[in-house]
Amino acid sequence: MLSTKEFAEWSSKVVLFLHNTSRCDDEKYPNLLFQMGGVGFPTMSYLDADGSLLKQVGHVTPVDQLEKAHGELMSWRALRTEVEKGADAQKTKALFLLELTMGNRPFAEMQKRRDALSLSPDELKATEQPLVNLQFTEILRQTPRDQQPIGGEQFVAMFEAGRIPDTSTETSFWQYMFEFAAAKENVPLFEKLLAVVKEKKAGDQRLARYLSTLEERLAALKAKKG
Amino acid sequence: MMRFLTVAGTLLLAVPGLAQAETPALPTRPAAKLVPAGAPQQQDQENLKKLRAEKLGKAVFKNAAWTTDYDAAKQRAAAEGKLILVYFTRSYAG
Chain A
0 MLSTKEFAEW SSKVVLFLHN TSRCDDEKYP NLLFQMGGVG FPTMSYLDAD GSLLKQVGHV
60 TPVDQLEKAH GELMSWRALR TEVEKGADAQ KTKALFLLEL TMGNRPFAEM QKRRDALSLS
120 PDELKATEQP LVNLQFTEIL RQTPRDQQPI GGEQFVAMFE AGRIPDTSTE TSFWQYMFEF
180 AAAKENVPLF EKLLAVVKEK KAGDQRLARY LSTLEERLAA LKAKKG
Chain B
0 MMRFLTVAGT LLLAVPGLAQ AETPALPTRP AAKLVPAGAP QQQDQENLKK LRAEKLGKAV
60 FKNAAWTTDY DAAKQRAAAE GKLILVYFTR SYAG
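Protein chains in written order, with numbering that gives the first Met the number 0: chain A, 0 to 225; chain B, 0 to 93.
Check before you lean on any hint, since a few could be wrong.
[To be verified] With a cut-off of at most 20 angstroms between alpha-carbon atoms, the simulated EDC-like pairs for lysine to aspartate or glutamate come out as follows:
1. B:73 <-> A:47
2. B:57 <-> A:26
3. A:12 <-> B:79
4. B:54 <-> A:26
5. B:54 <-> A:24
[Claimed, not checked] Computed list of chain A residues with no C-beta within reach of chain B, every gap over 12 angstroms:
6. 15
7. 26
8. 99
9. 128
[What the hints assert, rightly or not] Partner residues are not named here, just some residues of chain A that face chain B (Cβ under 8 angstroms, in silico):
10. 17
11. 27
12. 32
13. 92
14. 95
15. 96
16. 97
17. 106
18. 187
These aren't lab readings, by the way, just hints derived from the structure by calculation. Quick caveat, the model's predicted, so the values are computed rather than measured. Note that CB positions come from ideal geometry on N, CA and C, so glycine has one too.
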């Protein structure tokens with residue numbers, strides 16, 4: 000697809016940035032893929048000029064799909080510009096809801112903006128889960144993969160507050176918390192998390208092996224603590 | 000301990016439905032290699048740089064105006080009012 004004339008012609012609409020993970024010691028942004036929510040190669044994403052992730056479009060994406068996503072993002076950008084110039088409350092709300100779906104703005108900012116809007120109880124309720132997901136995703140992307148307990152500690156605070164994500168990457172929420180509990184040798188927390196995961200995933204035979212691994216880890220933790 | 004954690008993580012990712020991540024084509028960070036200090040590491044770096052040069056020199060990336068400079072891409076996007084389309088690839092493995 001990238002070799003086609005169609006792509007070459009279309010590409011003048013955007014700035015093309017090629018990020019190559021080389022593992023060379025002089026690499027300037029070695030973790031950019033992970034910070035942008037990518038988990039494999041290749042990945043294509045749209046970024047704003049400030050480097051914020053706007054949309055992950057997939058692996059190798061056909062030009063028509065790139066164009067569709069581009070059109071949607073340019074509409075978003077036009078709405079944002081209008082709101083920044085002082086649009087009415089309806090458009091301000093529309094932009095907030097759109098950006099909540101896109102997940103392209105920081106959690107703290109979105110929380111403040113939500114609180115400043117006059118939302119009906121139903122609308123307010125509808126924003127809850129997307130905000131939880133945004134908070135989770137933000138922490139996940141900021142946590143180095145080899146330091147899962149750091150993110151886990153923050154996820155535990157979310158968990159204790161009943162803020163549980165339902166994104167496609169929700170697995171990491173539990174995984175990181177288990178790592179935090181294990182690192183702190185916090186048996187009660189590990190036990191509590193395991194009980195919740197077992198309840199949530201009850202009957203899912205695919206998880207039997209994983210759950211059994213967690214049981215073994217819990218037993219090992221208990222033995223270590225005496 | 001680390002091996003155990005890795006195994007647990009791998010199990011999670013291997014479970015369809017539980018791990019519905021964005022369909023990774025290939026893992027971004029394969030298991031760390033044990034590399035002895037000194038010359039072998041340098042050789043490794045030389046090899047990685049060679050692989051990088053080969054990757055970036057591929058014809059596919061000559062078909063359009065790709066830049067590998069992130070800061071320059073952001074500056075250009077701001078100046079021209081455009082979005083950045085980033086293509087994440089890797090050269091350290093095939």
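query = Which numbered hints turn out to be false for this structure?
reply = Violated hints: 6, 7, 13, 14, 15, 16, 17 and 18; rest satisfied.
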